[in-house]
Amino acid sequence: MRKLIFILLTSFLMSWVSGQVENYSFNSRKGIKSEIRREFEFKQKFGEWKEIPGKEKIHYYYDNNGQVIDETKYDFEGKLITKTTYKYDENRNKTEQRDYKADGSLKYRINFKYDANGNMIEESKYDSDDWKLYTKKNYAFSKYNSDGYIVEETKYDSDMLLKSKITYKYDSYGNLTESSKFGLMKSKITNKFDLYGNMIAELKYDSGGTLTNQSVSEYDSIGNHIAWSLYDPEGNLASFNEGNISLKDYSKWVRKYDTNGNQVEALFYDNDENLNQRYV
23 MRKLIFILLT SFLMSWVSGQ VENYSFNSRK GIKSEIRREF EFKQKFGEWK EIPGKEKIHY
83 YYDNNGQVID ETKYDFEGKL ITKTTYKYDE NRNKTEQRDY KADGSLKYRI NFKYDANGNM
143 IEESKYDSDD WKLYTKKNYA FSKYNSDGYI VEETKYDSDM LLKSKITYKY DSYGNLTESS
203 KFGLMKSKIT NKFDLYGNMI AELKYDSGGT LTNQSVSEYD SIGNHIAWSL YDPEGNLASF
263 NEGNISLKDY SKWVRKYDTN GNQVEALFYD NDENLNQRYV
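Take the sequence shown: its position 166, counted from the start at 1, is 188 in our numbering, and no numbers get skipped.
In case anyone wonders, no lab produced these hints; they're calculated from the structure.
Any given hint could be a false lead.
Computed list of lysine-lysine pairs in PhoX-like fashion (alpha-carbon distance at most 25 Å, straight line) [unchecked claim]:
(1) Lys135 x Lys177
(2) Lys187 x Lys226
(3) Lys210 x Lys191
Note that the structure is predicted; figures quoted are calculated from it, not measured.
Please model the complete structure; the sequences and the hints are all you need to start from.
As structure tokens, then:
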């Protein structure tokens, strides 16, 4: 038995020009008022193709800018499954999303806020009674600088307690130079980068702000990661175990590459800089 699946797209255009239908692509729907997508599934039995019932139909409506404003899903009998509506501001940023149940009642509403540069800075979700919902997924904030680069990301748990915060710093050319992550236990991880975006150092701090360890990385002229070392707060090499049973504890590794950028050798050293293992 063979199966055949295809999708039928039906679109309605706002205008006709000189008796010809306007051309359009599905990435830009300007001029299209609505579109119906139906999925059909067929199976072949005794040499004859027959449609298998049960596939859904989705009806889309668009505004004059080609942005979807209504997405309604029906089952094969024409009964409503879900409905979602969207609103946009004058800059074409999505400002509101409403999701409806099969009985037509509101399930929840999501509002979006943006800064002057068009970056989304807040996403808030409300239930059908207009109570604000605080969830890990949809309660996060982002801040941007005047150049449009993100400088802070914060996430909260369901009790509105800070779960994590990441801050970013840039040089005068817009290159990321440092990122710091703050966790639930008030720990902090700071990463530093070179001009090419390669992470050259990672510093970890405890809740009291005391450095616990730091790692340093080196790269060659074409960006291959050629060396890594782990140090304790006093600057001495520290042991590291990555959970690989075939690899001994190490404090430093060095990698070599051929002219095509393929790794040809990896050397692992202990905290006394003695060679522990070698892979080729």
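Each hint, compared with the structure:
About 16 Å separates the Cα atoms of lysine 135 and lysine 177, which keeps this hinted pair within 25 Å; it holds. Between the alpha carbons of lysine 187 and lysine 226 the distance comes to roughly 15 Å, so the proposed pair stays at or under 25 Å and holds. Annotation: proposed proximity of lysine 210 to lysine 191 holds, straight-line Cα distance about 15 Å (limit 25 Å).
In terms of the numbered hints stated before, the structure departs from none.
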